[in-house]
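Full structure from sequences and hints, please.
Top to bottom, those sequences are chains H and S. Read in order, the letters of the first sequence correspond to residues 1 to 337 in the numbering used here. Read in order, the letters of the second sequence correspond to residues 1 to 548 in the numbering used here.
Fair warning: there could be bad hints in the mix.
A partial selection of chain S residues facing chain H, derived with a Cβ cut-off under 8 Å [as the list claims (entries may be wrong)]: (1) Pro134; (2) Ala319; (3) Gly470.
Simulated from the structure, these hints should not be mistaken for laboratory data. Virtual Cβ for every residue (Gly too), placed ideally from N, Cα, C.
As a plain string of letters, each chain reads:
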Amino acid sequence: MSRVGGVVGTAPAGLGLVPARQLLVGAPRVVLAIEPGDRVAVTAGTAVGPGELLAERVRDPRLVDAGSSRGDRATPGEWVPAGEHRRGGATPAGELLFAARGRRRVVAGTHPDRLDAPVRGRVATIHPGAAIELEVEGVGVPASAFLGDAVHGRLVILPAEGDARPALDVNLAGAIVVFPGRVDAETLIRARAMGIHGAVVVALADRDRRDLAASEARQRAGLHRLAPFGVVVLDGNLRRPLAGPVAAILVALSGREVGLAAEPALLLAGRSMDGLPLPPPDRVRLRGGADVGAEGRWLGPAGSRRFAPGIQAEAGLVELDGGRVVVVPLGDVERFG
Amino acid sequence: MTGPAPAGARDAASSALFATLDLGSATTAAALVGWVGGRWRLLAAASLPAGSDPDAILTLLCDRVRVADPGLAGTLGLATGPVPAHLPRFVVRTARPPRIAVVAASEQTREQLEAIAGRAGWLTTGASAARHDPIEIVCRATRAGIDALLVGTADPPEADERSLMEELVAAAGAVAVRRPGIPVILAGALGRSAPVAAGTDVGVPAAGDVVLAPGPAAGDPAGSDLRTLLVDVRAGPDDGRRALARSAGSLARVLGRRVEVVDVGVSGAVRIVAAPDASTPAGVRLDDVDAPVGALLALDGPGTIDRVEAWVTIGLDRARLRDRLAELRLAPWSDLAGDGAPIRAAALRAALERLLAAGDPLGGAVAPDLVVATGAFGALPGPAVALVLADVIRRAGATQLGLDTARLLAPIGMIADDAARDARVAELAEDILLPLGTVIVASGARPGRPAGRVTVDADGAAGEIDLEAGGLALVDLPPGQQALADLRFRSTVELGTRGRHFLVPVAGGLAGLLVDLRDLPGGLPERPDRRRELLAGWERALWPERSE
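Spelled out as C-alpha cells, the structure:
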C-alpha cells in the first residue's frame, strides 16, 4: 500500500521498474559558493530571510602581503583587519589566504556585489572563501541545471504559448518568471535587462546557454554592477512541454516568494509540502521517443521487446491521456517520486 | 567462444541459486544464476535505468524463470512470491567518478600528476604555481564538486620547484581549512618537506588527514605506485571496475588466452588487458586503465564533440547533436530506439577512441585473442557492437569479440578467492560471453585494387570471398561455429606478422567473420556527407534494421 497525494491505493504492477523523478525535496540544504576575499556577513546558526545579506563579493581580488606571521595563530580564511606595516605602509583588510615564508598573504579588493539569501533558512556552516551552506525552511523543486546567481522573487507564470519571445513588461521586475513554452537566450537576456530576477524554463538549448553565459561575461568584463539573475532548467536541452505534476506545483506556488539556487539546482519555496498537489503513483511521463513529453498512466511491464532499429529493451505499457495505449522502452518512462 | 576449462564442482555449501547486481550510475543490471544439470547456468537477466528498484528487477526475473520452466523454478525455490530475501547476491557499484584538484609546482609535474589521476578513475581539475596565482589555485581546489586534493612535485624536486614548495604546502593547508574532510594527498618530495614537518605553522591539517604518496615517477611503470594509491583512495570494496579487472584475470587464466575487456559506461570507463603468465604468482599479468575521460558522455574535453560528429551516420547539425548528447547525459536510457541508437553508436566509437588513447601503450600493438565489451555496448545489437569494436580497435591480427550482455563479469569479480572465481567463470564462460564473431584486421594492402581472397572452411563446407583493399568483407558464420580462414593476399600485409598467406582459426558469432582491410580513421573522406555515406554503408551491412 502506498500513500501519495492523499490517495491510498495499491502500487500498480512493476512500478518499481520505472525510474522515479523526484518532484519535491523537503528542507533541502543548499550550497552558495563564495571565493577567497568575499566578506561573509553572517555566522553559523544565523536565521536569514529571502534577500538578507549573506556575503559581499570581492571584485578583482588581489593578493597583498599583510606583514609577518611570526607568533600569529590566525588560520587561513580568517578576516584580517586593515593595519600598518612595520615599514609604515598601510595594508587593506581582507581574508587570510595562507601564510608562507613567514608572511601573511591576504586577499583584498572592493566588494560591490551582494550574495543574498534566496529563501528563508538557517546558515548551517560557513567555509570561508569556499561556501556558505544554508538549511532551507521549506521545499525545493529539483531541476536539471542552473545558470547564473542565486536569486529570490515573486513567482509569476507566463502563459504557455508557441512564441519564443513572450511579452515581458516592467511589472515583472523583481519576479521569478516561469516560461512554460519555448524560450531562447535573447528572451532571457531581455528579462534580465528588465529587472526580472530569475527564470524557470523547461528546456534550454546548449547554444542558448552559451549565449546567455557570454552575455553575462561581457557585462562583467565591462565592470558593470550586475543585478543577480538566475535560470533553472527543469528538464534538459530539447523542447518539450512542462511536466503536468511540476506545473501543478508551480501553480500552487504562483504569487509566493521563491528562490533559485545552484548547488543543487533547485527552485526553493519557504513553505511545507503539506497541501502541495502530488500526482497519483501510477502517473508517468515519456521523456524520449516519438511521444516525448506525453503523460499518462502506467499499466505494467510489457516484457523484453524489440524496437527499431533492432534494439532489444525492457518495455512498459502506458495509457496516454486521451486513451491511446503505447508500448515504450522503460528508459523512456519516468514516474514522479 | 572456445575452450572453457572443465567445469568445477559445485561448492556444496553454496545455494543452488544466486543473483548478481551491477549498480551503475546509469544502469541497474541484474541476473539470476542457478545450478542446473550439474553446472551453473545463467537463467535470466535484465538491464534497466538506474533508479529502478533492484528487488523489482529480480522479482521480474523470478517471474520469467517460473514462466519458462515451472519445474526448475520449484526446484530452485522460486515457485511463488517475490525474490527470496535470503538469495545470495554478488553486488558491485560504479558511481560517477569523483574529481580531484591537482596542484603542482610546475606545469610539467601537473601534467604528470593529472595523467596518473586520470588513469586511476578520477576526473581532474589542475593548477600549477608556475602558471596560476595563489588565489586562482585555492579557488580551483575549493570549488563545489572537488572530492580530494593532490599536491605534488617531482621526486627529487626540480630546481624551479624547490622555491615553490613552501607556498604549495601553504596552499594545500588553505584548501584543507576551507574544505574540511576532503583527503589531502601530498606526492613526492613535498610530503617529506620541512613545511609539512612543521605542520600547523602554515595551516597544514593534522597528519592524520594527510596522505603521503609516492612521487609521479615512482613504480614500474613510472607512476604506478601513485596510481595504486589514488585507486585505493577512490574506490570502495564493492567497486565494479576493480571487480571487473579480477574477473578479466580469471577469464584469461581459464581460457588461456590474452583477453582485453573494454567497459564504457555513461560516466566512467575502464580497459583491462589480462594475459596468462606463469611467471607471476597469480598466473596472469593484469594491466588496466580506469579513465573517466573514456566515458560515453565525457564530452567536455577539446575536440570531443568533433569526434562524435565524425562517426555519426545520420544527418544532424552540430548544435542539435550537442543537445541530443546533453539529453543523454541527463537520461542515459532515453531514446534507446529510433535515431537515438546511431547517435549512441557514434558516441561509443568516440568514447572508445578516448579510452584507448588514455591507456596507450597498454597492451601494445598486438591484437588480443579476445575482446570483451561491456557497459554501454549492451544498448546496441550485437553485430553493431562488433562493428564499433572493429572501427576503433585497429590492431593488426585476428581477435574474437564477445559481449558481456548480462553484465555478469563484474559481480563475479566479487568472489575474492582466485580459484573459486576461476571455477565460476569457467562454468559460466559461455553464458557470460555473447559471441559476436571474429574480426581479422590486415593493414598494408595497396589501396584501390583487389587485395586477395579469403576461403573459410567450416565443417568441410568452404566458401570464398574476394578481398578489396580499403574494404570490409563479411562472412556469415553463426554463433558456435568454428572454422579455418585461409587468407591469400596479392601483396605483403601486416596481420600480426608480415606475409601473404595466413591460416587463421576463427569462431562465429552474431556478426560472423569480419575481414577488415579498411584504413580507419585516417582513410575516411574529409567531406562530412561522403564520410557519413561510407560509414552508414558499413553500418547497414551489419545492422540492416538501421535502414528500415
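Against the structure, the hints:
1. Pro134: Status holds, d = 6 Å.
2. Ala319: The hint holds - S:Ala319 has a Cβ within 8 Å of chain H, the shortest such distance being about 5 Å.
3. Gly470: Hint on S:Gly470: violated, closest Cβ of chain H at ~26 Å, above 8 Å.
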